[in-house]
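Colleague: If you want the building blocks of each chain, they are given just below.
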Amino acid sequence: MACKIIFDRPESMTETITHYCPGCTHGVIHRLVAEILDELGLRERAVGVAPVGCSVLAYNYFNCDFLEAAHGRAPAFATGLKRTRPDLIIFTYQGDGDLASIGIAEIIHAANRGEKFTTIFVNNAIYGMTGGQMAPTTLPGQVTTTSPFGRDVANVGYPMRMRELLSALRTPAYIARVAVHTPRHIIEAKKAVRKAFTYQNEGRCFSMVEFLSTCPTNWGMTPVEATQWVQDNMVPYFPLGELKTPEEEQDAD
Amino acid sequence: MACKIIFDRPESMTETITHYCPGCTHGVIHRLVAEILDELGLRERAVGVAPVGCSVLAYNYFNCDFLEAAHGRAPAFATGLKRTRPDLIIFTYQGDGDLASIGIAEIIHAANRGEKFTTIFVNNAIYGMTGGQMAPTTLPGQVTTTSPFGRDVANVGYPMRMRELLSALRTPAYIARVAVHTPRHIIEAKKAVRKAFTYQNEGRCFSMVEFLSTCPTNWGMTPVEATQWVQDNMVPYFPLGELKTPEEEQDAD
Amino acid sequence: MAKVLLKGCEAIGEAAVRAGALRYFAYPITPQSEVAEYLVRRMPEVGGVFLQAESEVAASNMIFGAASTGERVFTTSSSPGISLMSEALSYIAAAELPCVFVNVVRNGPGLGGILPSQGDYLQATRGGGHGDYKLLVLAPSTVQETVEHIMLAFELADQYRNPIMVMADGLIGQMMEPVDFSAAPKPNPPDKSSWATTGAKGRKPHLIKTLFLSPQLGEEHNRKLAAKYDKMRANEVRYEAYNLDEPRKVVMVAFGTTARVCKTAVDALKKEGIEIGLFRPITLFPYPYKPLRDIAERNEMRHLLVVEMNMGQMIEDVRLATSDRKPITFYGRQGGIVPSPEEVVEEIRKLL
Amino acid sequence: MAKVLLKGCEAIGEAAVRAGALRYFAYPITPQSEVAEYLVRRMPEVGGVFLQAESEVAASNMIFGAASTGERVFTTSSSPGISLMSEALSYIAAAELPCVFVNVVRNGPGLGGILPSQGDYLQATRGGGHGDYKLLVLAPSTVQETVEHIMLAFELADQYRNPIMVMADGLIGQMMEPVDFSAAPKPNPPDKSSWATTGAKGRKPHLIKTLFLSPQLGEEHNRKLAAKYDKMRANEVRYEAYNLDEPRKVVMVAFGTTARVCKTAVDALKKEGIEIGLFRPITLFPYPYKPLRDIAERNEMRHLLVVEMNMGQMIEDVRLATSDRKPITFYGRQGGIVPSPEEVVEEIRKLL
Amino acid sequence: MPLVQIEKDRCKGCELCVHACPQEIIKMSKEISTKGYYYAQVVDQPRCIGCQLCAIICPDLAIEVSANGVSYRFFAY
Amino acid sequence: MPLVQIEKDRCKGCELCVHACPQEIIKMSKEISTKGYYYAQVVDQPRCIGCQLCAIICPDLAIEVSANGVSYRFFAY
Amino acid sequence: MQIEVKFAGFGGQGIMSAGKFLAEAGLEEGKEVVWIPSYGPEMRGGTAYCTVVVSEQPIGSPIINNPTHLVVMNRPSLEKFAPTIQPNGIIIINSSLIPITSERTDVTEILIPCNQIAIELNNTRGANMVALGAYVACSKVVSLEVLEKIIRQEFAKKPKFIEGNVAALKRGAEVASQEMEKAK
Amino acid sequence: MQIEVKFAGFGGQGIMSAGKFLAEAGLEEGKEVVWIPSYGPEMRGGTAYCTVVVSEQPIGSPIINNPTHLVVMNRPSLEKFAPTIQPNGIIIINSSLIPITSERTDVTEILIPCNQIAIELNNTRGANMVALGAYVACSKVVSLEVLEKIIRQEFAKKPKFIEGNVAALKRGAEVASQEMEKAK
Ligand SMILES: Cc1ncc(C[n+]2csc(CCOP(=O)(O)OP(=O)(O)O)c2C)c(N)n1
Ligand SMILES: Cc1ncc(C[n+]2csc(CCOP(=O)(O)OP(=O)(O)O)c2C)c(N)n1
Ligand code: SF4
Ligand code: SF4
Ligand code: SF4
Ligand code: SF4
Ligand code: SF4
Ligand code: SF4
Ligand SMILES: [Mg+2]
Ligand SMILES: [Mg+2]
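Protein chains in written order, with the working numbering: chain A, 468 to 720; chain B, 468 to 720; chain C, 77 to 428; chain D, 77 to 428; chain E, 47 to 123; chain F, 47 to 123; chain G, 948 to 1131; chain H, 948 to 1131.
This is chain A alone, in the form it adopts within the complex:
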């Protein structure tokens, strides 16, 4: 009986080796998205929107049409795309600096308008690409190059939970938070990605999956330590799971 491959590169990814640091979970998240594009048969209609951040080069790794938005503006960009060509499957791929700091207006308004695209939100609690500055998601006490004494919540406030914030909007949406620091979490995460793209494909609603991701380089840890840090520090502050689904009954008002 022939040996058959049961796990390899999805068609929606190229062979190119990524520029990500060793153990950076951006790579896992890329693969999950690509696998879902494959599984739902969306690759040929898919258009990805890269952010400015470590994943700015995502277009080198995805085997579908791709563009590069300005820092933080991917949701506006995707809005223009999707409103122009509603037949396409559009996703933005954004870091936490991109989405929660400079681009918070664009993501909130896109979500609030119920734009029919999917946002893959990679929360690694730091600015990776620019060398480790504090992000809106940086945890209390976390050391970064712009919070060298640890994030001081009395001075700069608490980390922002984008899943919670966007879920507070009235417009129906699918909004979930997942993690990828263990295989078990990755398996769960994939379900959320599938749902997100399915809702889009059905023209139902805006969808966003927030990923807790690692940045071993700027956290100053080994990749394995970094996955542990996700479990010990990020998961408690950023609870996992779906917080909003389009099915859920809207409050009566």
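Note that these hints are calculated values from the structure, not bench results. All C-beta atoms in this analysis are idealised placements derived from N, C-alpha and C, irrespective of residue type, glycine included. Some hints here could point you the wrong way.
[What the hints assert, rightly or not] Sample of chain A residues facing chain B (criterion: CB under 7 Å; computed from the structure):
no.: 1; residue: ASN579
no.: 2; residue: GLY624
no.: 3; residue: LEU632
[As the list claims (entries may be wrong)] Below, computed lysine to any residue pairings styled on SDA-like, alpha-carbon distance capped at 25 Å:
no.: 4; chain 1: C; residue 1: LYS402; chain 2: D; residue 2: ASP400
no.: 5; chain 1: F; residue 1: LYS81; chain 2: H; residue 2: SER1043
no.: 6; chain 1: G; residue 1: LYS1107; chain 2: C; residue 2: ARG117
no.: 7; chain 1: E; residue 1: LYS76; chain 2: G; residue 2: ARG1022
no.: 8; chain 1: D; residue 1: LYS79; chain 2: H; residue 2: PHE1102
no.: 9; chain 1: C; residue 1: LYS285; chain 2: A; residue 2: ASN527
no.: 10; chain 1: C; residue 1: LYS79; chain 2: C; residue 2: PRO120
no.: 11; chain 1: A; residue 1: LYS471; chain 2: F; residue 2: VAL89
no.: 12; chain 1: C; residue 1: LYS325; chain 2: C; residue 2: LEU345
no.: 13; chain 1: G; residue 1: LYS1107; chain 2: B; residue 2: MET688
no.: 14; chain 1: E; residue 1: LYS81; chain 2: E; residue 2: ARG93
no.: 15; chain 1: D; residue 1: LYS366; chain 2: C; residue 2: ARG401
no.: 16; chain 1: F; residue 1: LYS73; chain 2: F; residue 2: ILE95
With the hints as your guide, set chains B, C, D, E, F, G and H with the ligands onto chain A.
Modeller: This is chains B, C, D, E, F, G and H with the ligands only, laid out in the frame that chain A set:
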């Protein structure tokens, strides 16, 4: 026994007659702020930040230092001011287009950092100054110049509730919604304004009072009809009351 | 079709629709909110899309995204709003996407006021955004011409894969004039399937990007863009020479609304038997340097009078065109004041 | 005090602190994030404020607010970030508030890259924002000079009540050089109590605004600003003439980092007995038109060579300075490539 | 006795005070002011209870209330 | 029998697979790859149960898993 | 010949649409026209005005400091603009609201009680049409018939307003003709 | 005299700080110095390099295409930069990781097993200091004493690293001196 004045212009207001349309409740809101500045003795330390919107000329009516920010950026402006001179009492006065549309990033981040200033947020469900375009707060079905067939929530989403959105942030704050369409509501509103400035004066937290306000001109109603419209249409969608106080116990995480 | 009376802003909207630009994203700002107010009704009739963006930053980035599909897309705004679009303009130019930006200029700097101005000339022609890029800038002076320029802009945008700016002012945006659409050319968008990002079905993925990690590639890209701008300089210069069939002692240089005012001044003086000329640049970039130089080099030419609604911005281009070989005087009004023909005539008299 | 070895970005931070600018608001962007990383530690030592803004739009508006108190305040960014500051710059200039913006220019347009460039010359000198306003622009070419310019910038900002831009490039921001603070002048901020908005205690309220409803007042305001810029033109022109004590056949014109490269080229050729000159504008606005014109008008002067890290932006100012009386050649590198002295020497040889 | 004075030239004729007055003693003028508005007038001062509701709701600070002797406050304003 | 193949030149030596493998049969090399990394190696292939957890966690698509005959999926992935 | 007429009054008096109808009528008659709204600093509730130019030739500057004709609906507008009108021009004054005249002797000045006429016609909001009718009767810049046609077109979607406005227009023209007669 | 030395290797090999210490030492000796970081397109994990210029005169262009000296810590850097070094220049090669030489005959080439020496000294991360010591011993661009002083200053806040790094520096210098002797 001499006749004594029991109600007249607060010292914190000038005599200038406003440019507001007849029955526009911007005027009431101005007076409430001025009365509180008087009552708390803050006028001489107060600096107001006007938005771009009908209240851009607020500086003509307040008897304290005043500035004019760029459209939507008053919270960033106020952040710069307050961080530079923490001894001053800073308030922004912003419309719903200003605060919830173009300036949503700035208000969210200022609130999330816990900037110690006060925001007077005038929600009249429309862009007043520019002639009645749809605002993020425009109600479902409401007719405006850019939603001539009524706001279609399937196309542009539901109105944004800024009180609720900002209250979803973890950083302590005082956030309340009030109305001014009846004397009873005005009396309640004043309490909220007093609290907001008191918290600021104590250096406690960011504070925002959202006012449901009228725009008879662009709603196409008489002032009296407009007050009724607030009661019948706005209050149900924008529930009144405090939603967040700094005292309240934070969720454990 | 008969002429219709339209406000400049409405005409902008209608012209775009007729040019096949059925995607419009914008944020309200006086004196151009009527474009949106017109299109919110018009777009549904033609199966187009109108969306009110949350800000100019968002609107310009929606255009960026929408343009990448190859469809004709555009936005309109006014001065402060255009400033907020600077980053996106630089990106779109770098990404070589066709689209049209309309600036109905108002008085600046800062909040300024809603009255007409030409104070964004340098911003438009020298790039509000960062890096070496150029917009092709058209400056109409009547509502009819605005219509023509809007239509032309979409053709040029497609042809050069570049954002085109139509720079009107608050007066053109707000006034009503008869518009004739009967001569309007049929929209002629080229095939964009070689680059548009519309799904990689049966082909290699398309990428649209502006990041160049390799300095060599970055340099190449910059030079490619520069070559395109040179092509515009060679082929797209447009201008009007009014009463310049013969040499004139005094030649005015003005664009847009002020050119119209100057025309009336020319006519008024003609009645007195005084012949002066008017040179009106229609493309502000590429600027009609050569034609203006030729006019200025005529021996009889004694003096140039530059008239603008700003503190003197185009005057630099007039100097560059003429290499300062003839004296140049500037007459400008600011704050939203449109100079009257009488004022301009007075200025000319000083030079005669 | 001894010289210290500092990265350009760190030197910017330290110079500002020593100029008494204790309020800093900024958003990270390569190649200048080290300014923030330096100041986040330094500011607490001197009782100052460092705040990471949520964006460049926010940072520039924080500066707007902070400057209104009369305190010395500043921000730093790089090209795309500066584009996002255009609206605020126009407002701040209109409101006549003193403050300092530093642009550590990187390669553009669009996202471009993090490598050094001079591609924002026109944006800085012609106004990225809308309306008639000007920034005074300083272009240092060493880390030491960057320090001096930062300090000078705060003095000029206060003196003119105008935003000042220090335009460095990624190379200056990233390289380390010895810096001497011993000659640093003591900060000398004027009394600002006549306009600062610090509470109306015992005086009439102060207003800071940029809206002018009346066109007459708007015009007046525009003219007042223009008069201020004229004063800068009269009093603040700065430049360096290198090896220009005697007339030279070929004179290079370059600013910032490229000027430094050109200096090495001058020296290299001198060793061969070939004497050429270098004219380095230090203020990009006001541009040293007159001094450059004087040099260009020397009879012996045969050729100007403009060297820039862009597609040729300053060349317009050189043309304006010289009215095209002498031929001008442009040599530029793009994409983040800094021309080498050898390349420049080659270019000069072509002209000899 | 309370005294309510409505400054004619500040009044923009919005009628909010008319509806706010529990005593229904404010009525609009039949004449237009120099600003072009019908303005509010107290038509039956003696019935005024000095509650200030008219003043509280007036967006234009057109109403001044004064009182003779002790005036009860019905609410903390 | 499952077969796990780790592409040496894709591996960045992050060791995540090492920790993910329930059979503890992945170890890091002692040598540096041309990319400058110690890379992962399956040291006891016969004990591999084909669970794919290593592949699932690998951020660099360095791991390919194949199986002979029926391979049970322990989870819906 | 180029006719320039300024319509001026309070905001809400229908100034802008009166001007617009005139421009439409000019266009209908094949003339060149421009309609320019007020560009004053006034905010809501202040003075509103627009200028309409009707010409046989292409129209140059839309900035008209000295129009040939003026139609004023309130006193401040009369005071502000009457001195700017060209000699031999026409001034139509809404005498219902304006108790004074321009005191110019070099122009034709016609007083029409526009609001009163409108009230008489049971169309309180029709004063602007009365003034327009009066102006056209005096100036003959367009024909009344064409103007009536335009009004019918413009109100096509709100038919209940058509007859009232047409009546106001005609009555204005009538009264003006009588006044002109008198003035002769 | 102007000395230009390029330090090059993998990211993480301490290339940048080796260069910085040299620049500090130059400054300490009263010379003009510039330290220029890599401006290549490489992302994280790629080649890292910096150039240090030490001169008696003010330094002109910071762009040095042909440095006088080169210190290379890995093979790709040797291959990339060795051809650019000026004739009569110096090339220090970390022979622990680089199995080849530049094959240039017009330069002084010294092979130092930096990683091996560092391991011998029980300071695995000290290979950069070995290379720096070796380079300074060969080039004499600054004195070893001043450099030692700088290292002590730079690590003042992490004193446990001082002696190890100083030892690595000295050992590098020693080995290099021996190699130089041999080469003569
Ligand atoms: C307008 C603008 N501002 C700033 C930057 C610099 N910049 C690039 S990426 C980035 C943040 C990246 O952080 P994040 O979005 O969290 O992505 P990560 O790298 O962590 O995946 C910043 C600030 C830019 N390119 N453009
Ligand atoms: C950058 C910019 N964009 C747009 C505008 C135009 N503008 C002025 S006010 C305004 C909205 C006003 O609405 P709102 O904030 O709700 O205030 P209101 O007038 O209703 O009180 C807009 C869009 C502007 N001045 N600047
Ligand atoms: S810097 Fe952080 S986020 Fe970026 S690739 Fe490296 S580990 Fe990943
Ligand atoms: S337009 Fe609306 S918000 Fe503005 S003053 Fe008038 S009523 Fe008030
Ligand atoms: S005080 Fe009270 S009772 Fe008197 S007029 Fe005012 S509302 Fe009426
Ligand atoms: S509430 Fe004030 S403005 Fe309104 S009618 Fe009464 S007095 Fe006049
Ligand atoms: S498939 Fe499972 S058992 Fe086999 S190597 Fe991978 S993780 Fe280990
Ligand atoms: S998870 Fe992948 S990259 Fe990491 S060590 Fe294992 S095979 Fe290598
Ligand atoms: Mg991040
Ligand atoms: Mg509003």
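Colleague: Between LYS471 (chain A) and VAL89 (chain F), does the CA-CA distance stay at or below 25 Å?
Modeller: holds, 21 Å
Colleague: Regarding the pair LYS285 (chain C) and ASN527 (chain A), is the alpha-carbon distance no greater than 25 Å?
Modeller: Judged against 25 Å, a Cα distance of about 11 Å means the pair holds.
Colleague: With a cut-off of 7 Å, does the beta carbon of ASN579 (chain A) approach a beta carbon of chain B closely enough for the hint to hold?
Modeller: This interface hint holds because 5 Å falls under the 7 Å limit.
Colleague: Is the straight-line distance between the alpha-carbon of LYS73 (chain F) and that of ILE95 (chain F) 25 Å or less?
Modeller: holds, 16 Å
Colleague: Could you check if GLY624 (chain A) really has its C-beta closer than 7 Å to a C-beta on chain B?
Modeller: holds, 4 Å
Colleague: Sort out whether ASP400 (chain D) lies within 25 Å of LYS402 (chain C), counting only the CA atoms.
Modeller: holds, 13 Å
Colleague: When you check the alpha-carbon spacing of LYS81 (chain E) and ARG93 (chain E), does it fall within 25 Å?
Modeller: violated, 29 Å
Colleague: If you draw a straight line from the CA of LYS79 (chain D) to the CA of PHE1102 (chain H), is it 25 Å or shorter?
Modeller: Given pair LYS79 (chain D), PHE1102 (chain H) holds - Cα atoms ~19 Å apart, limit 25 Å.
Colleague: Hint check: LYS366 (chain D) vs ARG401 (chain C), CA-CA at most 25 Å. Holds or violated?
Modeller: holds, 17 Å
Colleague: Would the hint linking LYS325 (chain C) and LEU345 (chain C) be met if the CA-CA limit is 25 Å?
Modeller: holds, 13 Å
Colleague: CA of LYS79 (chain C) to CA of PRO120 (chain C), is that 25 Å or under?
Modeller: holds, 23 Å
Colleague: Quickly compare the C-alpha distance for LYS76 (chain E) and ARG1022 (chain G) to 25 Å and report which way the hint goes.
Modeller: holds, 20 Å
This entry does not satisfy hint 14, going by the numbered hints stated previously; all others are met.
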